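*Asks:* This is what each chain is made of:
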Amino acid sequence: MTTAYVSNDSFAHALGRSAVQHALTANGIDCVDVGSYGLAWLEPLLEIDSQDGRVAFGPVTSELVPHLAALLNTGGNFEEHPSYLGNIHEHSFLKSQQRLVFRNVGFATLTDVPTYGTLKTVLNREPQELINELEAAGLRGRGGAGFPAHIKWRTVADTPADQRYIVCNADEGDSGTFSDRMIMEGDPDALIEGMAIAGYACGASNGYIYLRSEYPFALHELKRSISRAYEHKLLGNNIFDSGFSFDLQVFVGAGAYICGEETSLLESLEGKRGQIRAKPPLPAVAGLFNKPTLVHNVITLASVPSLFDLGGEHYGSLGIAPSCGTIPFQIAGNVKYGGLIELEFGHTVRELVEDYGGGTRSGRPFRCVQIGGPLGAYLSEAELDTPLTYEAMQTIGAGIGHGGLVVFDDTVDLREQAEYAFEFCEIESCGKCTPCRIGSVRGKELVQKLPQTSNNEADIQLIHELCDVMENASLCQMGGMTPIPVRSALERFPEDFR
Amino acid sequence: MSEAEVRELLQPCTNLVGGIIHACRRLMKEFGYISADQKRILSDIFNLSVAEVSGIISFYHDFKTTPQPPNTLRICTAEACQANRSRDLIKAVESHLGSTIPCQTVDGMTAVSFVYCLGLCPNGPAVEINGQILSNASTEQVLSHL
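Chains as they are written, first to last, in my numbering: chain F, 1 to 498; chain L, 1 to 146.
It should be emphasised that the hints constitute simulated quantities derived from the structure, not laboratory data. Just so we're clear, the structure is a prediction, and the values are computed from it rather than from any experiment. Among the hints, erroneous ones may be present.
With the C-beta cut set under 8 Å, the calculated list includes, among others, these residues of chain F facing chain L [unchecked claim]:
(1) HIS22
(2) THR25
(3) VAL252
(4) PHE366
(5) VAL407
Listed next, the in silico BS3-like pairs over lysine-lysine satisfying Cα-Cα at most 27 Å (straight line) [as the list claims (entries may be wrong)]:
(6) L/LYS91 with F/LYS432
(7) L/LYS91 with F/LYS336
(8) F/LYS223 with F/LYS233
(9) L/LYS29 with F/LYS223
(10) L/LYS64 with F/LYS449
Here a beta-carbon is modelled for each residue, glycine too, at the ideal position from N, C-alpha and C.
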């Protein structure tokens, strides 16, 4: 029986994967679940074994399956098939990437038992040594803040406690980002292994993955991988007979963007309203149930196994220090070729938007790109040559955030986008501090009425003042960063506000 | 379901971290909403006041306190889908329904609401219909479910 390696990613499911699977089975082709390579416009993508290695086809529809089956049965030329792609690793979108976090995603079969070889190796080393290596690697939190990971690890490890926790923030809520989802659906073991390594280094024996409820496929894969890891004694008591034990559970959120903020997340995990906590104390000192807690985003933790395989110094040599290593960027919105692009830091925005994205899907002229989710800046054509490092982005009043880039064509109205930024903050604010709770409402009203006022300079001035208050007086980044999309739109596209 | 049965349903959640969130999810799955009586049971099981329980329930978009239609349709309202014309889709759906989202269809069979990001951002607009996700959703496709 022939085997097809079929993408089991949400991308594929949302584009008719189940119909393709039925057609494959009906045509005598066996389906094996794999993750997605991240070429979103080619989903559902599948691969077939051939004498020259795997051959890819995409996008595949159920109607195209009988043709594929006929070619397989007759030994015909695959290139005749309308969705023939050849060796996917030679595809220009994939070939030029530097995949570390995503090294297994796409071809690794989801049902294969993992070895956790990196975990096994590091369990022979001193925890302190691991944290030093993490420092040499210069890994920074990939969730948005870019905080040096080793400082968190060291703080958790050095804070005296009877219990410490590793908490994975899998509440990936930013628009234009899907790398967390893709790693959880395509290689959940990278995350689980990374959390276990962090647990060993920090002296924590318990871990939680806080997953947003909008990701049911990721939940399925995480549960499957966690129970398999327990079965093979890769989680639980005395892992690899090292004396180290680590337990891991998934906690599903209940629909609240703010729970992506680490202290809100901890409140929610404790079974409360997801309202933020004032800092200090930092979660690394007093986090979940007031115990030292390492809170990292999915990609940060999933970077850990490949980082230790590569070695801290080698990892640290990638990118432009102090933006070290690789980061999975995500190009989305109005682009021809959207998807996941893992690269070292330092490539320009233009390379992602134009070389990878291939211009707008609508065919209309490019207008702007929003980087880093709903709290990220809208950038214009003039800023596309900025290198994607934490430092360079900061100089133009922007940030990398979670690495998502959303492209808009010339039909976008930046006044509408600014209004939406305030509205989003209004809907998702936890309500704890006034600048965020009330400022968002007043901001939305102000932006709404701009088109009705003939001389609106005074109102625009008021919006700036409101942004000052939100930026400086909000308790967390939700209210503190909502001014970023608003101001970037006002400053770069003033014509939309007249 | 009797009160004893509801208590039995929620019993396993009491030993879990963040147990009340698990319990609310169970109630949502079983009944589609959390009733006033059930709030009282939650308050008893988790040793919280009814006001505290209400505070938790009202904080999360996933939890409802009124009976819900059997079908759900959620349209992504996030920026990446906006870049692919989701605002036009939303306008068309609202004009078809004759009211603004969130709302229900006239026959009361489908709840139409927004969702902020399904992680399908390169292939917008994204829609979720009874848990099934759909990329590149056209107005016709969406209206056919309403």
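*Asks:* Indicate, hint by hint, whether the structure satisfies it.
*Replies:* Here's how the hints hold up against the structure:
no.	hint	verdict
1	HIS22	violated, 15 Å
2	THR25	violated, 19 Å
3	VAL252	holds, 7 Å
4	PHE366	violated, 11 Å
5	VAL407	holds, 6 Å
6	L/LYS91 with F/LYS432	violated, 33 Å
7	L/LYS91 with F/LYS336	holds, 25 Å
8	F/LYS223 with F/LYS233	holds, 15 Å
9	L/LYS29 with F/LYS223	holds, 19 Å
10	L/LYS64 with F/LYS449	violated, 33 Å
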